[in-house]
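**Student:** Chains as they are written, first to last, in my numbering: chain A, 1 to 298; chain B, 1 to 443.
Think of the hints as simulated: they come from the structure by calculation, not from any bench. Please read all numbers here as calculations on a predicted model, not as lab measurements. Quick reminder that beta carbons are idealized off the backbone N, C-alpha and C, glycines included.
Here are the computed lysine to aspartate or glutamate pairs in the EDC-like style, where the Cα-Cα straight-line distance is at most 20 Å:
1. K203(A) to D240(A)
2. K52(B) to D37(A)
3. K52(B) to E38(A)
Far from chain A, by Cβ distances over 12 Å, these chain B residues were calculated:
4. K322
5. F338
6. F423
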Amino acid sequence: MGIFSKLASSLKKTKDKIADTFSRVFSIDRIGEEFYDELLDALISSDLSVNFAMDIVDELREKMIEGSVKDKDYVIKSLKETLLTMCEDAPEFSIEYPTVIMMVGVNGVGKTTTIGKLANYFKEMGKSVTLCAADTFRAAASDQLTEWANRSDVRIIKHAEGADPSAVVFDAISSAKAKCTDVLIIDTAGRLHVKANLMEELKKMGRVVGREYPSAQFLKLIVLDATTGQNASSQVETFDEAIGLDGIVLTKLDGTAKGGFVLSMIAEKGVPVAYAGVGEKLGDIEEFDLEEFVDGLF
Amino acid sequence: MANVFSGLSEKLNHVFTKLTKRGTLTELEIKQAMREIRIALLEADVNLLVAKDFVNRVSEKALGQAVLKSLSPTQQVIKIVSDELTELMGSTNSKLLVSSELPTVIMMCGLQGAGKTTLSGKLALHLKKSGKKPLLCACDIYRPAAINQLKVVGTQAGVEVYEEGTKNPVTIAKNAVKYAKQYGFDTVIVDTAGRLHIDEELMQELIDISNAVKPTEILLTVDSMTGQDAVNVAKSFNEKLEITGCVLTKLDGDTRGGACLSVKAVTGKPIKFASVGEKLQDLEPFFPDRMAKRILGMGDVMSLIEKAQEAITEEDAKKFEKKFKENTFTLDDFLSQFDMIKKMGGVGDIMNMLPGNMGMGKFKGVKAGEIDEGKIERNKAIICSMTKKERKDPSILNYSRKMRIAKGSGTTVQEINQLVKQFDQTKMLMKQFKNGKKRLPFM
Chain A
1 MGIFSKLASS LKKTKDKIAD TFSRVFSIDR IGEEFYDELL DALISSDLSV NFAMDIVDEL
61 REKMIEGSVK DKDYVIKSLK ETLLTMCEDA PEFSIEYPTV IMMVGVNGVG KTTTIGKLAN
121 YFKEMGKSVT LCAADTFRAA ASDQLTEWAN RSDVRIIKHA EGADPSAVVF DAISSAKAKC
181 TDVLIIDTAG RLHVKANLME ELKKMGRVVG REYPSAQFLK LIVLDATTGQ NASSQVETFD
241 EAIGLDGIVL TKLDGTAKGG FVLSMIAEKG VPVAYAGVGE KLGDIEEFDL EEFVDGLF
Chain B
1 MANVFSGLSE KLNHVFTKLT KRGTLTELEI KQAMREIRIA LLEADVNLLV AKDFVNRVSE
61 KALGQAVLKS LSPTQQVIKI VSDELTELMG STNSKLLVSS ELPTVIMMCG LQGAGKTTLS
121 GKLALHLKKS GKKPLLCACD IYRPAAINQL KVVGTQAGVE VYEEGTKNPV TIAKNAVKYA
181 KQYGFDTVIV DTAGRLHIDE ELMQELIDIS NAVKPTEILL TVDSMTGQDA VNVAKSFNEK
241 LEITGCVLTK LDGDTRGGAC LSVKAVTGKP IKFASVGEKL QDLEPFFPDR MAKRILGMGD
301 VMSLIEKAQE AITEEDAKKF EKKFKENTFT LDDFLSQFDM IKKMGGVGDI MNMLPGNMGM
361 GKFKGVKAGE IDEGKIERNK AIICSMTKKE RKDPSILNYS RKMRIAKGSG TTVQEINQLV
421 KQFDQTKMLM KQFKNGKKRL PFM
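Start from the sequences and build out the full structure, keeping to the hints where you can.
**Tutor:** Printed below as a string of structure tokens:
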């Protein structure tokens with residue numbers, strides 16, 4: 001089994017459904033206004049942001065020859081090429097050890113679970129891992145993270161519920177430095193991006209990392225739920241403005257949702273997708289492969 | 001995108017400015033408008049098929065309709081769209097059903113991360129406040145620490161939690177109902193594990209729980225930020241479990257929440273509650289008309305008025321009205337106004353509820369979360385550092401007085417000048433209202 005096979009099979013379900021939507025597009029004989037309208041709808045129903053879908057359609061309009069659309073392969077090929085070209089300029093996601101990864105995101109996207117899986121992922125690569133339970137807000141969040149730490153047998157630093165998250169980060173960094181940990185992963189409380197005071201709290205945690213551990217790489221990753229719709233753009237925009245994002249983790253791809261919105265994040269906001277969550281088990285996390293993702297979508 | 005005032009209302013306004021001619025709405029005009037409405041609905045996360053169906057219905061209604069004398073074509077189309085949207089969402093809010101044989105069982109279900117556990121706690125508190133005696137039942141045996149989370153939430157709500165660790169959830173649910181009968185609980189809220197709608201095995205588990213405890217309510221928890229996939233999720237859960245209603249969570253974000261329209265359209269089941277914050281009391285009944293306006297970006301003036309009524313006592317209001325009429329408004333009154341705003345949940349909350357058009361002119365480009373709530377605090381400090389005489393007549397403020405106030409309140413002279421200017425403008429505005437040159441927005 002190839003490393004990306006799970007992502008591919010997750011997207012297969014999606015693909016079958018999209019084929020449905022696209023059948024409407026191909027039921028139109030000629031490339032013209034009606035065709036582009038249907039294409040736009042099909043793209044949006046993969047949760048691509050509306051503006052981005054419009055841009056894609058405009059790009060295609062310039063590329064494709066007016067006339068017959070009977071050649072389905074030609075249209076799909078042009079569409080994929082266009083998408084990949086639009087995503088070309090985004091930076092690559094890369095890790096240098098030691099690294100501090102701070103996971104952020106709105107409530108319920110799967111931050112804690114993702115961290116559990118990543119802990120295992122790095123451990124299997126032979127890296128030492130420490131987890132930092134800085135979600136001191138949600139009831140029993142640190143219990144949940146402790147359970148994950150036990151599953152992959154990594155260290156965890158935690159405080160009592162209601163403690164100052166920055167203080168937990170401070171302690172975790174001291175510990176990570178002392179033990180020469182390769183990867184320190186910080187779990188933060190889920191927060192809606194519109195709550196200014198909670199975004200300030202994140203900034204403060206970021207400042208603690210920058211000040212206390214300047215020699216380590218500091219990655220801020222946002223976790224996005226594939227079931228999310230157009231609001232994903234707003235989430236990325238606001239978190240990026242507050243702390244500067246280095247990458248995305250796209251979760252819950254084992255459902256029927258497509259998470260098409262990440263394409264506009266890559267193309268327009270230059271935030272690469274680092275990992276994809278494709279199931280509930282410890283091993284269900286993969287490095288994200290853009291071409292495979294696009295192939296899976298259409 | 002992030003701007004709460006952009007989006008649908010802006011788009012509709014744009015469309016409707018094109019429809020300026022009076023008379024009947026023509027086919028072409030409607031076609032143009034409807035294309036924009038369709039895209040705008042998609043932008044609000046309404047499912048494609050639902051949006052298309054909706055637009056067709058609205059087009060039929062709008063076509064050939066004579067424009068009423070009192071309305072512009074723009075207003076008329078807005079009215080049709082808004083009415084139709086409200087109708088699709090269900091005409092009134094619906095209450096929780098109660099079983100004739102106690103205890104009433106409420107089963108929660110939904111995808112992972114939709115917010116079931118928090119919502120269970122909120123519902124428990126809501127029921128407790130309305131005089132019921134609820135019992136929470138922990139059936140999420142899969143997610144690490146889910147039982148602990150429910151226990152913490154239960155403690156916060158002051159509601160007992162029934163749990164048996166990670167045993168079979170069907171047995172736990174059955175035993176919880178037995179326990180409730182024995183100890184006189186009238187409602188059992190069953191919190192289940194989040195699951196994918198395509199996970200046959202776990203969906204079967206839900207069916208088994210449902211068969212075992214015969215819930216009066218099966219509530220599907222839906223994250224209001226869900227995209228196009230909402231229809232698939234809602235359809236599957238409804239087909240397998242015959243849900244009785246939905247609850248919309250995380251509505252305190254900036255999502256327009258079009259998913260709820262999709263869910264309503266595919267299941268036909270009412271949306272019973274809306275969850276609007278992180279605190280346990282942040283649960284509201286669902287009002288279709290208000291939600292329709294939110295999707296349309298027309299704001300939630302009703303909620304605003306209700307909040308205002310809670311925050312401002314009748315006495316306050318009368319006193320305020322008198323000052324208002326006599327134009328004897330002072331900085332002291334300004335101070336109590338700040339308090340009222342705080343009581344209503346802060347400027348951000350209020351702005352979120354204002355209709356798009358009203359907000360746009362004044363606050364364009366301002367995000368709700370960005371409003372400087374601290375500024376209100378500083379303004380309060382400034383007024384508190386003034387003498388009684390100064391509060392009555394700020395025109396006596398000279399430089400040395402201002403320096404003293406700045407020191408006393410920990411602010412700057414500039415900030416004091418700003419406040420005085422703001423106060424003067426308010427007084428001026430009041431004069432205009434008094435003279436009937438302008439109408440108050442909603443009083």
